[in-house]
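Just remember that the numbering used here sits 6 ahead of the position in the sequence shown, which is counted from 1.
Worth double-checking, as some hints may not be accurate.
[What the hints assert, rightly or not] Pairs of lysine-lysine residues, derived as DSS-like cross-links and limited to a Cα-Cα distance of at most 30 angstroms, are as follows:
{"hint": "1", "residue 1": "Lys98", "residue 2": "Lys134"}
{"hint": "2", "residue 1": "Lys155", "residue 2": "Lys134"}
{"hint": "3", "residue 1": "Lys170", "residue 2": "Lys291"}
{"hint": "4", "residue 1": "Lys98", "residue 2": "Lys291"}
{"hint": "5", "residue 1": "Lys122", "residue 2": "Lys291"}
{"hint": "6", "residue 1": "Lys155", "residue 2": "Lys170"}
{"hint": "7", "residue 1": "Lys134", "residue 2": "Lys122"}
{"hint": "8", "residue 1": "Lys131", "residue 2": "Lys170"}
The set of hints was computed from the structure by calculation and includes no laboratory data.
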Amino acid sequence: MKVLSLSTATIFSAFLASSARALGAAATIIEHEENQKSYLRQNPLFNPNDLIATSDSDAADSSSTTAKWLFTDEEEAIELGQDATTGGTNWKLDGCCGRFETIFLSCFAAYLVVIKLLWNTFIMKPMKLVAVFVHEFGHATACWLTGGKVHGIEVYTNEGGVTKYSGGARWFVIPAGYLGGAFWGAVFVVMSGDRWASLSIAIIFCVGMAVSLFFAPNATMVGLNIGFIVLTVAFILVDQLAITPFLQFLTLFYGVFIGIFSVYDIWDDLITRTVEGSDAHACHKLIPCCLPRCVGVQFAVVALAFQALGLYLALVWMSSGSA
Numbered sequence: 007m008k009v010l011s012l013s014t015a016t017i018f019s020a021f022l023a024s025s026a027r028a029l030g031a032a033a034t035i036i037e038h039e040e041n042q043k044s045y046l047r048q049n050p051l052f053n054p055n056d057l058i059a060t061s062d063s064d065a066a067d068s069s070s071t072t073a074k075w076l077f078t079d080e081e082e083a084i085e086l087g088q089d090a091t092t093g094g095t096n097w098k099l100d101g102c103c104g105r106f107e108t109i110f111l112s113c114f115a116a117y118l119v120v121i122k123l124l125w126n127t128f129i130m131k132p133m134k135l136v137a138v139f140v141h142e143f144g145h146a147t148a149c150w151l152t153g154g155k156v157h158g159i160e161v162y163t164n165e166g167g168v169t170k171y172s173g174g175a176r177w178f179v180i181p182a183g184y185l186g187g188a189f190w191g192a193v194f195v196v197m198s199g200d201r202w203a204s205l206s207i208a209i210i211f212c213v214g215m216a217v218s219l220f221f222a223p224n225a226t227m228v229g230l231n232i233g234f235i236v237l238t239v240a241f242i243l244v245d246q247l248a249i250t251p252f253l254q255f256l257t258l259f260y261g262v263f264i265g266i267f268s269v270y271d272i273w274d275d276l277i278t279r280t281v282e283g284s285d286a287h288a289c290h291k292l293i294p295c296c297l298p299r300c301v302g303v304q305f306a307v308v309a310l311a312f313q314a315l316g317l318y319l320a321l322v323w324m325s326s327g328s329a
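Can you make the complete structure from the sequences, with help from the hints?
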């Protein structure tokens, strides 16, 4: 009887030990499965088979596999022309267009329609004078860049203007009016693709208008510049303090209008007719073999190219994750 009791006790002890080991193993498996689920929630694209590890060495191998997988993904991103960390520059416009790009393109198209419909109304008059100012400021900037001196900048209510200067490289100063307007129109469009970039170009615009007031402006130009400085600063304050985005819509409108005005001005002044004293005639005097209308066609092609380039670069900026 005593021997039987000892045997029973031994068997019972062995059973308890076995049960304890089984429970411990089950707890380990459950803990491992919970770790798997937690990791998968954070990394839904990861292969679950890569997470099976039953020992410290297996866990190390799993970590190595994870690092390798991440590195491979980064390599693939680089091969696609994108940086895995920052998103890179989306020159091919892959995945375009999202919500921001669609809104941007819609505004661009809407502005074109509105400008066309209201072109000959008094509502567009102030913007036309701004475009004339940008044209004249283009001449002035080219003069400064080539060592010349600007004596005066004037804008007239009949949508004409004049830049009085001496010195500088005439071959660079003369085309800088029409082409300068097209260039700055494109810059406005590009910078409108990002909030802080639109703030930068708005500040540059205000500074340029303020600086030009020191170069013997006429009364029309003084009123025009002060009015648009106040308007632009008001949009900046609203954008920074209340509604975002807000300023980008204004800078985009500036860009579209100035660019389109440059194209229209080239067509009206240099292609459909020739005006004595125009920039095209001045270019013809510098290069006699290049007729005024030929100069106008060249200017028009460059101006249209600037607009297309501005729109493309704005979409690249936005689709690359900067907007």
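Quick rundown of the hints versus the structure:
1. For the hint pairing Lys98 with Lys134, the CA-to-CA distance comes to about 35 angstroms; that exceeds 30 angstroms, so the pair is violated.
2. Simply put, Lys155 and Lys134 have alpha-carbon atoms about 26 angstroms apart, close enough for the 30 angstroms limit, and the pair holds.
3. For the hint pairing Lys170 with Lys291, the CA-to-CA distance comes to about 19 angstroms; that is within 30 angstroms, so the pair holds.
4. Under the criterion of a C-alpha separation no larger than 30 angstroms, the hint pairing Lys98 with Lys291 is inconsistent with the structure, at around 43 angstroms.
5. The straight-line distance between the Cα atoms of Lys122 and Lys291 is roughly 34 angstroms, outside the 30 angstroms bound, and the hint therefore fails.
6. For the hint linking Lys155 to Lys170, the alpha-carbon distance of about 9 angstroms falls within 30 angstroms, and the restraint holds.
7. A C-alpha spacing of about 13 angstroms is found between Lys134 and Lys122, which places the hinted pair at or below 30 angstroms, so the restraint holds.
8. For the given pair, Lys131 sits about 24 angstroms from Lys170 by alpha-carbon distance, which is consistent with the 30 angstroms threshold.
Figure legend: structure checked against the earlier numbered hints; hints not met, in rising order: 1, 4, 5.
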